[in-house]
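Residue numbering for the sequence shown follows full-length UniProt numbering, beginning at 1 and increasing consecutively.
Check each hint, because a few of them may be wrong.
Stated by the list, open to error - Computed list of lysine-lysine pairs in DSS-like fashion (alpha-carbon distance at most 30 Å, straight line):
id	residue 1	residue 2
1	K56	K28
2	K125	K56
3	K98	K28
4	K9	K65
5	K98	K56
6	K28	K3
7	K65	K28
Unchecked claim - Distance ranges between label pairs, derived from CB positions:
id	residue 1	residue 2	range
8	T133	I19	49 to 57 Å
9	L45	S128	50 to 58 Å
10	M1	E23	15 to 23 Å
Everything labelled a hint here was simulated from the structure, so no lab data went into it. For each residue, glycine too, the CB sits at the ideal point set by N, CA and C.
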Amino acid sequence: MLKISAFAKLAQTTRRTLILYDEQNIFKPAEVSDEGYRFYNYDQLYELSFILTLRKLGLSLDEIKQISSTESKKSPNVLLTNLQSRVDEQIHDLLAVKQSLGSRMTAINSETPIHCDAPYIHEHKTQSFWQSTTLHDCSRQQIAEAFAEFYKRLDPLVSINGKCSGFVLDLPNANAAQFINAPFHLIKEATTDINNAFITTVNRPAGDYLAIDIDNDDTAICNGIDLIHQYAVAHKLTLRGPLWQINMDEDIRLPEATTAVLRLEYLIAN
Numbered sequence: 001m002l003k004i005s006a007f008a009k010l011a012q013t014t015r016r017t018l019i020l021y022d023e024q025n026i027f028k029p030a031e032v033s034d035e036g037y038r039f040y041n042y043d044q045l046y047e048l049s050f051i052l053t054l055r056k057l058g059l060s061l062d063e064i065k066q067i068s069s070t071e072s073k074k075s076p077n078v079l080l081t082n083l084q085s086r087v088d089e090q091i092h093d094l095l096a097v098k099q100s101l102g103s104r105m106t107a108i109n110s111e112t113p114i115h116c117d118a119p120y121i122h123e124h125k126t127q128s129f130w131q132s133t134t135l136h137d138c139s140r141q142q143i144a145e146a147f148a149e150f151y152k153r154l155d156p157l158v159s160i161n162g163k164c165s166g167f168v169l170d171l172p173n174a175n176a177a178q179f180i181n182a183p184f185h186l187i188k189e190a191t192t193d194i195n196n197a198f199i200t201t202v203n204r205p206a207g208d209y210l211a212i213d214i215d216n217d218d219t220a221i222c223n224g225i226d227l228i229h230q231y232a233v234a235h236k237l238t239l240r241g242p243l244w245q246i247n248m249d250e251d252i253r254l255p256e257a258t259t260a261v262l263r264l265e266y267l268i269a270n
């Protein structure tokens, strides 16, 4: 027989937890002395481990009590079936998190070179993006709220999968003066087609793009658009909208937590 403290240490839990489970009639000691001391058998460890695992899965004490009852052990009930479904869902979610983190690590290990504050030309293959509904004249708070809704309708795990994200703006002719009021969509690199009232799938065409990498603030963005315009005029390039604004590292989570570097780019039409 083990005293409560020794048994708690063996089970990697606390004395307080064992007392609570005893008081709630969830897990009882093998014996209680006349002085009120609780004692446990080694073979009770397996039952306690099962109960502690159920707690880790988020079950309430009442749910655990029902599952651990003598009647439930003799005849599995609906609660056990629901528990199995919950475990299956958590396994699915954890596998999705693992896959997303793997994709993110791959993206981090193959980061695109940054060319700050100087226009350059580079080639894109056709790439699919999910895009939100059109947004107009939004404050930083409204953009953050739209961002949260966008990922809620996709899948929260998508925000950490390492795929590129950003905005696409209706801003023809690289006109920086119209940037602040330009309609735009939130975008995220797509893995499958989605087309509904809230999210659609669009393709960024293959071709050569005139791009510039800049800091993420409105002044830097406007300066970047101006530099793109000047470069296009000097080199007699015709640009085709929209303006693609791509986050070069972290996704935007909150207005105060934005990516450090943006890439602005237009498709070159000629």
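Cross-check of the supplied hints:
Between the alpha carbons of K56 and K28 the distance comes to roughly 20 Å, so the proposed pair stays at or under 30 Å and holds. For the hint linking K125 to K56, the alpha-carbon distance of about 45 Å lies beyond 30 Å, and the restraint is violated. Under the criterion of a C-alpha separation no larger than 30 Å, the hint pairing K98 with K28 is inconsistent with the structure, at around 38 Å. Of the pairs offered as hints, the one joining K9 and K65 holds, with about 23 Å between alpha carbons and a cut-off of 30 Å not exceeded.
With a C-alpha separation of about 19 Å, the suggested pairing of K98 with K56 holds against the 30 Å cut-off. A threshold of 30 Å between alpha carbons decides the hint, and for K28 with K3 the separation of about 13 Å falls inside it, so the pair holds. For the hint linking K65 to K28, the alpha-carbon distance of about 11 Å falls within 30 Å, and the restraint holds. Our hint of 49 to 57 Å for T133 and I19 holds, since their Cβ atoms are close to 55 Å apart.
Between L45 and S128 the C-beta distance comes to about 53 Å, which sits within the given range of 50 to 58 Å. Checked against the hint of 15 to 23 Å, the pair M1 and E23 passes, with Cβ atoms roughly 20 Å apart.
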